[in-house]
Structures are given as C-alpha cells and as structure tokens.
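Required output: the full structure, derived from the provided sequences and hints.
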Amino acid sequence: MPEDTAPAQPAITAPQPGPVSTWLSSQGFEHALLEPDHLGVEVIGVEAPFLPVIAAALKASGFDYLQCQGGYDEGPGGRLVSFYHLVKLAGLADQSTASQHLPGDVKPEEVRLKVFLARDGDLTIPSLYGLFRGADWQERETFDMYGIRFEGHPHPKRLLMPEDWKGYPMRKDYVQPDFYEMQDAY
Amino acid sequence: MAEALSINALRDQRSASCNPVGAPSVTSDLSENVILTTLDDLHNWARLSSLWPLLYGTACCFIEFAALIGSRFDFDRFGLVPRSSPRQADLLIVAGTVTMKMAPALVRLYEQMPEPKYVIAMGACTITGGMFSADSTTAVRGVDKLIPVDLYLPGCPPRPEAIFDAVIKLRKKVGNEALSERGNLMPTHRYLTVPHQLKAVEPIVDGRYLRAETQKAALAAAAELPVGAAIPATTTA
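Heads up: the protein sequence lines correspond to chains G and E, in order.
My numbering puts the first residue of the first sequence at 8, with every later residue one more than the last.
My numbering puts the first residue of the second sequence at 545, with every later residue one more than the last.
Don't read these hints as lab results, they were simulated from the structure.
Treat the hints with caution; some may be incorrect.
[What the hints assert, rightly or not] Below, in silico cross-link-like pairs of lysine-lysine (BS3-like), each with a Cα-Cα straight-line distance of 27 Å or less: (1) E:LYS716 - G:LYS164; (2) E:LYS645 - G:LYS173; (3) G:LYS66 - E:LYS645; (4) E:LYS717 - E:LYS661; (5) G:LYS164 - E:LYS661; (6) G:LYS173 - E:LYS743; (7) E:LYS717 - G:LYS164; (8) G:LYS179 - E:LYS645; (9) E:LYS689 - E:LYS717; (10) E:LYS717 - G:LYS173.
If you want it as structure tokens, here you go:
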C-alpha cells in the first residue's frame, strides 16, 4: 500500500559551516566542509600538507585531546582516509573543578579532521606525534593496516602484524596470502 | 568380629583355615612389605604425577587457565606446578589464539622443552582458529599445523573443570606409555618444516623504543613547536 504522503526528500544542500569551520575560515585556514556525522560532530576535510598547521591551531584554540586517530578505506577505487578526532577537555576540567556537579547536558566540544588520499597517489601524511603523544601507536596501526605513511613518526613500522608482512590487511583490495597455517583446519 | 585382629591372630586364623596345604609361609612377610610393580608403571606414575605446565597463554583461555593456579581450583593437587621456563616444563597448554606473529615464538618454546613433552590445544582458537577462522588476516587455523598436539580441549573458553578433565585424560595417556616404546613415540616430522632460504637482516624491533634515536629526535622536534611549549589560555572558537 503506497503511502499517501510523499516521504520528505532529504534536500541536497551544502553542509552548513560549524563553529570550528567558521573559526578556521576567520583565521584563514583552507579546509573542506563535510557532512556532520550522525551525532552532529563537525567533520572537516583537510589537505595533508596543512594538517599539522591546522591541528596545531586547533590545539592552541583548546582542542587539547586527540581522542582517536584511525583510517578507513572508502571501497573499490575509493580513497584512503586518515581521521583525527579532537576534543576540548581542559575547559571541561576547569568547569568540573569549579562546580561539584556538572549538568547532564554539558558536552565536550568535538571536531573530526579527515585527510583524503588517492589510493594510487602519494600516501604520506605529516605525523601528529609532535602535537599529541597519543598518536604514536595509533598512527603505527593505521600504517600497519592501510599503508598510510606518517612522515616524521619516530617509529615508522608495523604495530600488529609481523614486521616482514607484505600488504596492508584492512584495505578492501587486500588479498590474503594462502599460507598453510592460515588455510581452513578442516 | 567387631574388633580388628592382631597380625599374629590373623596368621593363626589363616594357617588354620587354609588346610590342608596351609598358608604360604615364605612370601607372607614379603607380600606385606614389598610392592611388586613394573619399571614402566613406576616411571609413568612419577611422570604423570608431576606434569609441569609451561606458564603460557595468549588470550581469554588463559584467564580460565589462571583460575586453576588459584586456591579455588588448585591444580597443584594434580602435581601441576606452573613453570616459567620451557626447559623445566613438560606440558604445554596452548591457551588462546595464536597469530602468525606469535607462531615462531610458540614453536621455539615447544622446541626448547625437554622430551618427553605433551601439548594440550585448549579452546576453539587453537583447534581450528575458532571464530577467527572466518576472515582473520593473521590467526593460525589450528595450532596442530605448528606443533604436534596430544589432546584437543574444545570450548570457548573451556571451564577450569574441563581443563582438569583434559589433564586427567592426559595422565591416562602418560600412564599407558612404555619405556621400550619410547623411541617410537618421538615426533619426527610431524610439524611442517620448510627449508626456508632466508637472508638475515637487522631486526626492526630491537627492544629500544623510548631510547631510540628517532624517538629522541621526535621529542626534541616536538619541544621546539610553539604549541607544544605553551598553549594560549583562551581562544574561543
């Protein structure tokens, strides 16, 4: 039975710039606007050479915590992506020391930076290790799984797979080697 | 008779009731003081009562195995004393998923154990790869592709009681062995040996992480960053 009211078509509109994007524009940092995620977290696309500058500016503006760094593969023919999730924690900590109980609707400010790399292009991103020490193993794992190289990383080597492994296992086009140990046991 | 007879009264009763031949007088002293057994049985009894497992575990199975060491399950009563050196162990309970990175270490541990040695493959991961057998890029599908396995203990993970059951079954296996057949039981080429043609290179992982030159350089470079040194107090978005 067809619905008598047409479902509201999601209008194709350009994403509205969020507070972080507005601030970046006011400071003259080039970036791309992306759709916010399902929780409303602002997502900003960044060119690889400008990542350390923008991350340093954001850190100076209060985003003092790299909550997560990771990568993903967009799929066949798609790009490889490295993302950085930044949170403002110092302001929240000041607030919680000032008052015993924080109201429940207090949320830390968050922003996610994404660096898009062409699959067959130069897969190099400047490392954020200098800004955030926590990027150490996260960038190593992203290198291990996707082959994205982080320039300036103190230990540019695999984290989880054996050091002499060939290929990057989390890529969509990864082909599992047919080793005897990894064939079905039955 | 309510009260127990003294040994002399028992002998009197036996000599009186075993007529007309009479009680065997020569061996009675012997049979009451000497145990006759075979050397195999004695040897096996000693071995199966002191199966020392290697303190080895890689994943959640080892949580169950570690419960055995505590007083609640207390596997010392089976003579199992966990050893931290493979040279002193004669039982390897492979507890937990073995990855391609762990596999060489596991094989080396097994090879360092003295003969005779026994292996229990504990949990689904070590038998077939378990839930990792579907699409894992690195899990070894069945640890018996690396080392010979004496006993498969299924479960995900098995309860500590199940490990006891496996140890008891292994004790039965040890008890059935004979010294004269010992040479036949030695594993020859039961695990895969490939004549690798490898070229030795400098190890990438050398144990120095924080003291590595690259680490020092990165920290020095980070200290020079204006943001790393001092963060402006408030720059609102």
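Do the hints match the structure? See the list:
| no. | hint | result |
| --- | --- | --- |
| 1 | E:LYS716 - G:LYS164 | violated (48 Å) |
| 2 | E:LYS645 - G:LYS173 | holds (13 Å) |
| 3 | G:LYS66 - E:LYS645 | violated (37 Å) |
| 4 | E:LYS717 - E:LYS661 | holds (12 Å) |
| 5 | G:LYS164 - E:LYS661 | violated (37 Å) |
| 6 | G:LYS173 - E:LYS743 | holds (16 Å) |
| 7 | E:LYS717 - G:LYS164 | violated (46 Å) |
| 8 | G:LYS179 - E:LYS645 | holds (22 Å) |
| 9 | E:LYS689 - E:LYS717 | holds (22 Å) |
| 10 | E:LYS717 - G:LYS173 | violated (42 Å) |
Violation of the numbered hints given earlier is confined to hints 1, 3, 5, 7, 10; the remaining hints are satisfied by the structure.
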